[in-house]
Every structure is written in structure tokens, then in C-alpha cells.
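One letter stands for each residue in the lines below.
Number of protein chains: 2
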Amino acid sequence: MNLTERKWCGWGLAETPDLLKDKRDAFWNWLRELCGFGALPYTPPIDWREIKVPPSQISNQAILELEKKIPLSKITTSQFERIVHSRGKSYLDTLALRTGKIDSYPDIVVYPATKEDIIQLVRWCNLNRVAIIPFGGGTSVVGGANPIKLDSHEGVISLDIRSLNKVLHIDRKSSIAKAEAGIEGPALENILRSEGVTLGHYPQSFEFSTLGGWVASRGAGHQSIKYGKAENWFVGAEVVSPPGPWKTENFPASAGGPQIRDLIPGSEGTLGILTEIEFKVHPTPQETYYSAFVFPSFENGVETARLLLQEDIPLAMIRLSDPYETFFFTAMQMGGGDPSSIPQFCLMLIGLEGSSSAVSAGRQIVNNITSNYQGLSLGEGIAQQWFSQRFLLPYLRDEMLDYGIGVDTLETATRWSNLLELYEAIHNAIQSAIEEDEELKPKFPIVMAHLSHAYLDGASLYYTFVFPRSLKNPEEQWWRIKNKASETIRSYNATISHHHGIGTDHKKWISGEKGALPYQLLYQIKQQIDPLNIMNPGKLI
Amino acid sequence: MNLTERKWCGWGLAETPDLLKDKRDAFWNWLRELCGFGALPYTPPIDWREIKVPPSQISNQAILELEKKIPLSKITTSQFERIVHSRGKSYLDTLALRTGKIDSYPDIVVYPATKEDIIQLVRWCNLNRVAIIPFGGGTSVVGGANPIKLDSHEGVISLDIRSLNKVLHIDRKSSIAKAEAGIEGPALENILRSEGVTLGHYPQSFEFSTLGGWVASRGAGHQSIKYGKAENWFVGAEVVSPPGPWKTENFPASAGGPQIRDLIPGSEGTLGILTEIEFKVHPTPQETYYSAFVFPSFENGVETARLLLQEDIPLAMIRLSDPYETFFFTAMQMGGGDPSSIPQFCLMLIGLEGSSSAVSAGRQIVNNITSNYQGLSLGEGIAQQWFSQRFLLPYLRDEMLDYGIGVDTLETATRWSNLLELYEAIHNAIQSAIEEDEELKPKFPIVMAHLSHAYLDGASLYYTFVFPRSLKNPEEQWWRIKNKASETIRSYNATISHHHGIGTDHKKWISGEKGALPYQLLYQIKQQIDPLNIMNPGKLI
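Quick note, the sequences are listed as chains A and B, same order. For the numbering used here, add 153 to where a residue sits in the first sequence, where the first one is 1. For the numbering used here, add 153 to where a residue sits in the second sequence, where the first one is 1.
Errors might be hidden in some of the hints.
Said to hold, decoys possible - Calculated lysine-lysine pairs in the DSSO-like style (CA-CA distance at most 30 Å, straight line):
id, chain 1, residue 1, chain 2, residue 2
1, A, Lys379, B, Lys326
2, A, Lys326, B, Lys379
3, B, Lys625, A, Lys400
4, B, Lys331, A, Lys379
5, A, Lys594, A, Lys254
6, B, Lys326, A, Lys637
7, B, Lys205, B, Lys174
8, A, Lys160, A, Lys660
9, B, Lys379, A, Lys379
Hints listed in this document are in silico derivations from the structure and should not be mistaken for laboratory results. Note that this is a predicted model, so its numbers are computed, not measured.
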């Protein structure tokens, strides 16, 4: 991990992979027309060297004192490090970085060398009332890694966990492995796969995010149907909190009361720093099969997904694009398309992973159920293309922002019986919020969604929306859309997030989602374990 | 549910089903020899009418006041009701009931008629510092339903939830149903199956235990591999706690922070009364296949189980008896056997449930893996016999106790890599504890186990042990065995209970199992929600 190879104010690598290739000009021209722009405005980010970072509030003397306690760890106040640790990858984060209008910075950035150093660091911070923000890949899209401190705090530290990046143990017999929380996706999977196993957790941020971040945010990988969401594959952790280091339970199953371990996934660093994590692994699948189908309607695709989830087949992924997403992806490939007559076709990608015999039996069942709902097989090519490009789409956001176009995503989950109504309602909420702004009303608003991460009892819905972005009040514009979508989600009793987490951006909806007593309990748990609220304050709770 | 049809001081129905049939005399004679008894001592329970129940500590005036608040509910101080609600079905409970040496009784027994009445009742109890013990089937084998009150309490109520026994809603589309917590297994499954779905939760107590009890104790049914343990099929609940009624989250999946819902399974009534419960259901399986295999060693059977858990087949159950259990069950069928040369044979029952095609594909994989480990198929007959008798075994305990023989069970769960060593260690611990008593040393101690409830990462071990029981100090004798087994379990870092729960009997091991900080957190959660500790005090926390 070399920070200078990463884009400082946007997604991923500084050197952007080319997703559009020879369709680049046509695609941009098409986007320009949809947005209703005469010419695309050029709105590039500023140079980070121009950003005036205020001086660190933690004194040199204090830093020297801290250095003595953790001599092997790296402590820095460099301008670049403080900037790249000041925000994550949310829409608001990206806006802030691009314009240099960053309202808070970590006073110092610490890369602890060992678990023991984290214990010392947390102790020191608790003693000195300094807030600690755990920072993994910094890929939070909800403000989860932003350096907030309270008035009662003397400063704020970004704790970059990425030096703790070792796989510690692989117990193949028990299908459990243990690794340090700062290991990134590719390094982790390389080691696991060289031992014949996989965690199978491939979120879109896979290349840059960390094991600890996956657990802390309750993340989900594309293949979550088989390998589970973080809370499903999470076995146990070592945690460092203000009272000291501790371990969670880690049994395969137990009737030993409520498991405190269950409070860790989704805790977003507010209960402590995760240092070592145990997780379930699977034998690397003997065979993988990814195939595409097209359905005549979203309803037919949803019903197919629902029924597939009741089957005992090695289903790893279902990804059903609505007509708008299907149309948009086709347009990306083709360099455009007529938005005035979007067909009702819905693309579904289905992935099976497992033994050859299970995959082969699964294919038969997939064929039966898809054809019962008029699903037409498109073969493996489209699915393979998606697979090979699956980590590239986020790059497009930065390019769009460069040319006056805003784009963001949001997601939820609900029961099957609530899904179609909710789907329509969120679509309409986002579209009407975009169109509300007379000045920036697009010719054709792009609001598209897919169903993914399905369960026996429901599924997640994931929206992407593209809009001519306001240069005057971009934050206000975004909040207008976000509020309307989020209030719709909550009014349908769906969750405010399926796998992005809460952070700062979803915080105002979390107490309503949980209800008064559960939220109060969560608050009290936080109070007990971190009375000075130094652990990632201002997030989640 | 008619209490007089139930055995007041032992398992199940007053009219005991006949498990042994024509092998009865031979079996008892064989047991007598193993125990080293010249003649079987006759040690029957006393008549419940002989038990002197102390007067209720809750005054008639208070009861009248309470009656006004919950006019539709039944409130009773009858001797019989207070006795049958005084203890559950643990070994110690049964001893206490049989001898009438019962150290605590509920002052009153209340059968609330509605959820609203439970709200009123909890409010009244909190105001008057009266402890509330939720009572479902009363089938706890760890003292979970015993009426304990603290010195600060004015009395103790047994809240029999069984009048709240309706299925409220079946959402077939979302595979979720909702029922009142007091519904018993048969009534629940009858209604679900008439609608084409099943919860699939069949613990040994199925006929008598309640939905609420299953969740509160973190229970597991025989087919937990397919249908999940209570914490897996539990979707959400309505709870009544001292601060008032509340609901848990109930999303199919969420990244909305830690889910307070996860604190409910295993809470054993200490956080509140569960009134309504949502749970996952599955379509009733098109086909079920239960078959028996015999393995040349426990190790081979364990490895077979472990590998089957990695397959994508509709596995519902694996039950691998060790050589002792295999021998004992054979002896039960045959009316005896030579214990001096127990063969290493291990019986395994394998159950598949699902669509015809999945079961058929699964059978092929079962055949492959079992034969790789020298498993010999015995066909479906033995499995069907087990299936038809699976709820009958607990009856044998009462009969044994009538004739001077003690029997109890205990269970744990651990990782596959720890399983064989733990298996040996617990066996040895129980056997040596039984043999320690020179006076009551059996000729051949019966300590037997099976592996069941398996997971990708581990499995549970379930022990049954039979011993000549002490008539002088039966509690002390039991604690000697229990302590030794439990300390062995904990020293191997396995859980003190896989599905029985904590109650009073496992309480002394729970803080060690959880670790200081997690246990303290659990304690603080309890404090926050129930500061007067009126909710099932003395259990779990």
C-alpha cells in the first residue's frame, strides 16, 4: 500500500483504468445530452498542495511523549497524510476534497506497528482526551472515517491500521482463519487461496478496503449469498477499547447467553479498535459459473430471485438490474441509447460457486426457474465481462464530477413482500428530488437500481443516480436527494443501509430505525465502554 | 395444554409412553448389573399433596389490586400450580420435586390473557418490586424457570405465557411468520404446515416447549443444520421490559449498526418478556431422507460430518453416536449386551430435507463421502425408528430415578480442530467423577456421547451419563460430576452450553466463558433495561 499511488481526492488508483475505451466520446456526449448541458462544464479538483491545512492541535511535546510510548510506530503530521486521512469516499467527502473545503483534519496520523502499540495509543488518548478515528482503506461512503472530535476533546488522531496486515493462522480443519485487521482484500485473498481456501468477501472496494473495515461497517461482498455478509462470516475479534484490550466469544455456536461478539459487526470503531479478526473460510470452489439472463420485467426477475433463494444450490450471487440500469449499461457498451423509450428488459447475473456436481445440479435448477419466469439465457459472456470490470465502475464518478455531473449510490434491504412497492417508491423519490431543482433539471434523469444480496426473507436494493450537479450548493443539492430517498426508505420500514453503514451521513435516521429503547441501549453500551466518547465520535451513535 | 395431563415431577405426559416394550425386564436387569446393584432400590417420588407449600408472600390485597389491572388474565395461588411452576426439568429440579424439598415457590402464578396484560403486569411488578419468572413449557434443564427473588424483592411471580398461543401472520412470500411467544411446538407446526411452510425447529422438548422459550434459551432443533438454531431463524420480537414495551429490529439484513435484536436470543427472560416473535419459515420439504450408517471409528464419523458440512446439499441433520452410545442403543433394542468389550462401531444418522432433485443429488454426495471413510449404509429403517422415538428418551430418566439410577445430559460446542481431544477429555472427566465415589462406583460406568448440530467451523457434543444415584447426597453427587465436566469444557475453551442455556446451573461458568469485559457489558445492559433486576433474577447474568 503506497498512498501516493492512490488517488488523493477520489476513488482507487491515481492512474485511472479505462472503462469506456473507444466508446468514450460517444458516451460522454450522450451523458451531456441526458443532463441537458449545452457543453460539459469542466470542474476539476484543486491541487492538494493549495489546501491550507491548519496546524495540528496536538503539541510537539505531546507527540514526543506519544512517540516514546510507541517507538516502532509511525507518527506523522505531514500535510498530505492529514489531507488524505481527512475524508473518505462519500459524495460529500469527494466534494470536500476536490474543492479543498475540508472542515476537519486529524491532528496527527498514526500507523501503529503492533497490537501492543494500539493498546498504548488508546490508553494515551483516553488519558489525554484525544479522539481516535480508525482508518482502514478509507473507502467509507457514509463519512465513517472522518475526523470528528467533540468540544471535550483535546485533539483527534487518525489511526491508520494498514501496517497490521498479517494473516496469523489458517485452521483449514475448522474452516477458520485469523488475520490482523489492517490487511487489504487482495493480500488477504492471495494468502488464503494459496492455502486452498477463500473468505469470498469481494465488495466493490475489495482492492483497497481492509478486513477490519469490512467487519466494522457490516459490509457485504458480491458473493454474499454463499459466503455471507460480514456479520455472518465474522467469528470473533480482539478489540482495544478505553478499558483495555479484550476478546469476544468465538464459538461455532453457543447458548451461553447473548453473544457480545454480535455487537462488533457494524460498530464502526465506536466500541474499540479491532486488531485481530477470526473469520470463516471455505475451500476455494472447484467450479464457478456466472451467467446472464434477461427478463421481460423487474417483477419476473424478483420472483425468480426469491425462488432461487429457497433452493439448496451453491448460489453465490444474484444481481438483477432494473430496466433503467439494464438500459444504462447497454448504453455504456454502445456509447448511447434513446432514453425516451426504455424497454422493460431486466438483466440478471447469476453466479454459482462450489463443487462441480453441485454447480452442475444448480445450473439445472437455475434454468428451470428462470425459464418459468420467461428469463432468457444470454450465456456466460456478459457475466464474465461484468466480473472482469466489477471493481472499475466507481472510477466513473470522479470523471463525472470533473465534468459537472453528480453521481451517487444508496442501498437498503427489505422483505420480499415489501420489495416491489419500496422499489418504485425510492425510484420516484430520487427522481422527483432531482427534478425539483428547476435550474438543473436534467432532460432525462438517470435513476437506476439493482437487486442483490438476497436472503430467504428479503433482498437489498441498490440505487445509482446521476444528475447535473450544482456548483453553487452541491452539498445542499445532495442532501435534498438523500433526505427524500432516506425518508422514503424509512417510511416503508426498510433499513437505512444494507452494507454501507451509518457513519455521519445516515446518522439522523438511525435512532428512528432502531426505535427509542434499542437506540438508547446502544448508546448506553457505548457509554459503558467509552465514557469519554473518544472512539470514532460523531459516527453511528 | 392441560397441566394435569402433564407429569408434575418429571418429563412430559403423566401417562408415560412405553419405549422398551418386550425388552423391559431384560433391559432393567442389564442396567442393574452395570450399576452393580444387587437389587434395584425403589425410590419413587412423593405425592405432591404431601408437599407443604409456604403461604404466598404477595398479599390478598395486592392480588386484588393486580386483578383489577389485568381482569381477563388468570391469577392463581393454588398449591398444584405453585408446585409445578416451582421447578423445571433439570436433574436438580427433578430431585427437588420428587422429594418435595423445594426451596422456592412462585408466590402467585399468572396466565396473562393478552400482550397488554403483560405490559400492565410488568409495570405493576416493577412498581412493587416483584420478580417475574417467564414460564413457557417449563422444560428448562438448567434451572431457567425457577422462581428466584432477591432480598430487595417483595415477591415472585411465575408468568405462564401459554395463553398467548396464536399464529398472527404468515408471510409466505417473505418466508416469515409471526406468532405469540406461548405457542407450543405441535400447535405451531400444525398451523404452519397447513399453510405449506415449516419452522423446522424440533428440539427434544418440542411437544411441550414454546416458541418464546426456544428463542430465550438459544435452543436448537434436531434439524438445525438446515433450519438454523433459534438465533438463526429468529427475525425479531416484541418485548415487554420494565421501561415498557418495545420492538427489536427485524430486517433481512442491515448495516444499521449492531442489531439489538441479537441480544434477545439467549437472554433467558432477563431483559424482558417476549410476547410476539417473528421467525423464518421454509416451504415444507418436498422430500425427506433419513438414513443410518455405521463407521469403524468415531474419528471417521467426525471427518465425514465435517466434510458433509462443506457441501451444498440439503443436509438437515447429522447425528454421530460414539461407540458407547451406539452400544447403549443397541443394548436397549436387544435388552442387554456385554459392556466389557464395546466395539468401536459408531452409528451415524443423516437427514436430508428439500426438493426431490436436491435430496437426490445430496444422497449421491452422502454416499461418496461416507464410503470414503468406511461408512457402511444400514438403510432407512434404523433412522426411521430413531425418528419415531426421538421425543421419548427423556421419559426414561424418571423411570431410572424411580429405581435408584441417576441420568443426566450436558452439551457443548467447539471447533473441528478441537473436537476429538475435547470429546475424550469430557468423557474421561465424567467417568472419573462417577467412579470417584467408592461407595457408589458402578461396575461399568455409562458415559456416552453424540455429535450433532454441526457447522462449517465446528459441532456440538452431547453427553448422556448414567450412574448409581446417591440417596444421601444426590445434589452433591451431581455437582461433583457437573463441575468436573464443566471445568473440562472450559479448560478446552469450548462453550458451557450449545443449546440448553445458562439458567442457574451454568451460571458460575458464564463470566469466565465470556471474559471480564464482555460479561460486564452484558451485566450493564441488564442494569440499564431492568435496574431493579425483577426480570428472571438469578439466571444467566
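Okay, which hints does this one fail, numbers in order? Checked against the structure, the hints that fail are numbers 3 and 7, while the rest are satisfied.
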